[in-house]
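Participant: Which chain is which? The protein sequence lines are Y and L, in order.
Quick note: the first sequence uses this note's numbering, first residue 1, plus one each step.
Quick note: the second sequence uses this note's numbering, first residue 1, plus one each step.
Keep in mind that the hints were calculated from the coordinates and are not lab data.
There may be inaccurate statements among the hints.
What the hints assert, rightly or not - Distance windows between CB atoms, simulated:
| # | chain 1 | residue 1 | chain 2 | residue 2 | range |
| --- | --- | --- | --- | --- | --- |
| 1 | Y | L168 | L | N107 | 43 to 49 angstroms |
| 2 | Y | A227 | L | G40 | 35 to 41 angstroms |
| 3 | L | D365 | Y | A160 | 52 to 58 angstroms |
| 4 | L | P186 | Y | S129 | 18 to 24 angstroms |
As the list claims (entries may be wrong) - Sample of chain L residues lacking proximity to chain Y, with all beta carbon distances greater than 10 angstroms (derived):
| # | residue |
| --- | --- |
| 5 | E306 |
| 6 | E332 |
| 7 | F370 |
Heads up, the beta-carbon is just placed ideally off N, CA and C, and yes, glycines get one too.
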Amino acid sequence: MLVLSFSGWASCRLATDPDPFDDPRGTMSSFQQFALAGEPDLDRVIRFQKPPFVRAHTFSVGVMVRSAMVDGTDNPTHPLAGAAVELLDNAVLEGRNGAIANDVAEPIWPFHVQLSTGGHAVSRAAVPSDPTFPYASTMPTNDPLPNGEPVQSTGITDLAVVWRERVLKLEADLMQGTELTRPGIEERLALLRANLARPDGGYAAFFADVSMQWRVALESPVIGGDAAVAALFGTRPPDGAPWRVSLWFCRYDTDGQMFFALGSIAIPLEDEKALQLTADAERRLRALAALRR
Amino acid sequence: MIDRRDELVRALREACEIEHGLMIQYLFAALTMKRRLDEGLTPAQQVTSRRWMAMVLGVAREEMGHFATVCNLMSSIGAPPHFGRPNMPRKTGYYPFPFDLQPFGDNAFYRFLVFELPLGFPLPPPPGADLSGEKSIFMESFTESAVPDLLEYVYVGELYRKIREGFGAIAERDLFIGPVSGQTSPGEWDRMGMRKVTTRSEAEAAIDWIIEQGEGTPSHRESSHYDRFHDARKEYFDLGRYAASRNVPVNPATRLHRDQDASVTLIENKASLFAVETFNAIYALTLQLLEHAFSLAPGVGPQRPEQIAQLRHALQKASHQMMSLGIRTLGEWVSELPFGDVADPRRAGPTFEVYDDLDLPVHEDARWIFLFEAFDRCIAASRELGLAAERPRQAAVSLAVIRRNLHIARHGRP
């Protein structure tokens, strides 16, 4: 069994209740989620890698494999150690204003996970048992976070401290701003300052409360091709059983429009001896074919 | 003077229509506002416009809470809720002020301020730069109005004061004959605010709340609807009255209706016409979901109370989701569609037309069939629109999910 543990910041710019889930700009959002002046439209898409837009002075987006354990033993040289993790196919938090699920209790759909490194990529997706209502297969659970997380991974105990530093940087940006950029910076500063001034900590305090977890089995065929599988798994490829993903979104930075993503992917591997036998058999078959030619 | 049940019911029906009509006028102004830089807004205007849009939508939500509260007031005295209303425009002879679909701008502000005018306040300056005290179109309408003497009023708050007097004039033990379980509760109206009514003092408190939210009180006007519109209008002037609205005409419509009493501007583009008709079908379905929800009273009739309560909850939830996922999503989208041919700079818009009587069948089983058939029509039309655009495609998915949830509530399976 290969267990990949991953973590990192993920971008998700989404409208929230009572705005329609597909409101492109945000209007009355309960979580203060807006496309500020000059920013591109909101789209709800969860991005683990290279989002096309991020606000200045926020966290660096990138969900990466932090460790690879093979049969319970850490394997820092495994090809997938350090690989990039991504949700493909424009995955979104699919609540639809409570029609499917309420805010912060939403399924992720589609749920198609890719692992990539060194120019190779493999992926698998969740396959819903009811295609007419696929969301049921990826509803969140309420399992607690692993001990010490996410402070251990993020190093953040108080978002307000981070936001105060952001305010200073944005104030400096404002001094250098133009007629086109200043309104958006001012709007963002106003939201940050208003939250920081609230006795209850505003959305800086809310940061600590958000935690969603999904446990999803990826059952589709492995996509990526033999060469990618060979490059990313070496001598022990996946054995075809479902990959089991455990994913937390914890800590939503409402200003940064980012979640901290944390979790693991458990990938059953082919038995090494069986693999050698298979390889032997293939070798023999190739030899037979060569003889026939 | 209102001092009989039938007179009170009539006044409350009028209040329902007014709250409903105000809500739609506010929604029309908000949903047709420009939102993006490529529509000609500067970044600074984008900030201001979003704030104004949020303000107007916030008032519209509160009007929805008023509307629900008036339905509860009706239920408390044994009357059915009232979701019908005449199509717009209504200039004279119905309400004492004209009801129009006006895009965001000074004409809209003027109307909104008059609707919410506090008792004893002078009329606001009329639209335009000339503030020299022209005769108000509202006062003209009033003098020509065919509204019966029984319901003489000029401003919304005035109507509510008469209703309040009516609740005071009829003996309490005779008045409250409706089942309490027939009223919707604040918990079922998430964040919209509304009141439940079982006694005269609760009725008076509910009416005072509606008046105060609209007008404010002499010592506390800030955050009233009037005050919010007043401040926004001033800011609108200070910022040079920039074109915050998309180029939608006043009173757009898909067709002529018998209950319109002034000219409308008929949408010419065939594809836009189909889109706006779909929007109107979704709006009508939302009203019917509300109507059904308000007609259910757990504990009254042969069905199990918990079953009725569950169905009512599902219907209310569905109607609220239709407001966000259908009315707002498609309402904004149709305000970007062409009004006429490609050379026509005008845009269509959400016309909030009602094509037929909204009344549902008397029998429960038939009601559900009517509702599911309406869902199917709305989903099919949205899917067709969704072949060419993302927002109706999303609306079709959302409507299908809402229909599924209701089907589970009604039949126990998708």
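Participant: State for each hint whether it applies.
Facilitator: Here is how each hint holds up against the structure:
1. L168(Y) - N107(L): 43 to 49 angstroms: holds (45 angstroms)
2. A227(Y) - G40(L): 35 to 41 angstroms: violated (52 angstroms)
3. D365(L) - A160(Y): 52 to 58 angstroms: holds (57 angstroms)
4. P186(L) - S129(Y): 18 to 24 angstroms: violated (38 angstroms)
5. E306: holds (21 angstroms)
6. E332: The claim is violated: E332(L) sits with its nearest Cβ about 8 angstroms from chain Y, within 10 angstroms.
7. F370: holds (21 angstroms)
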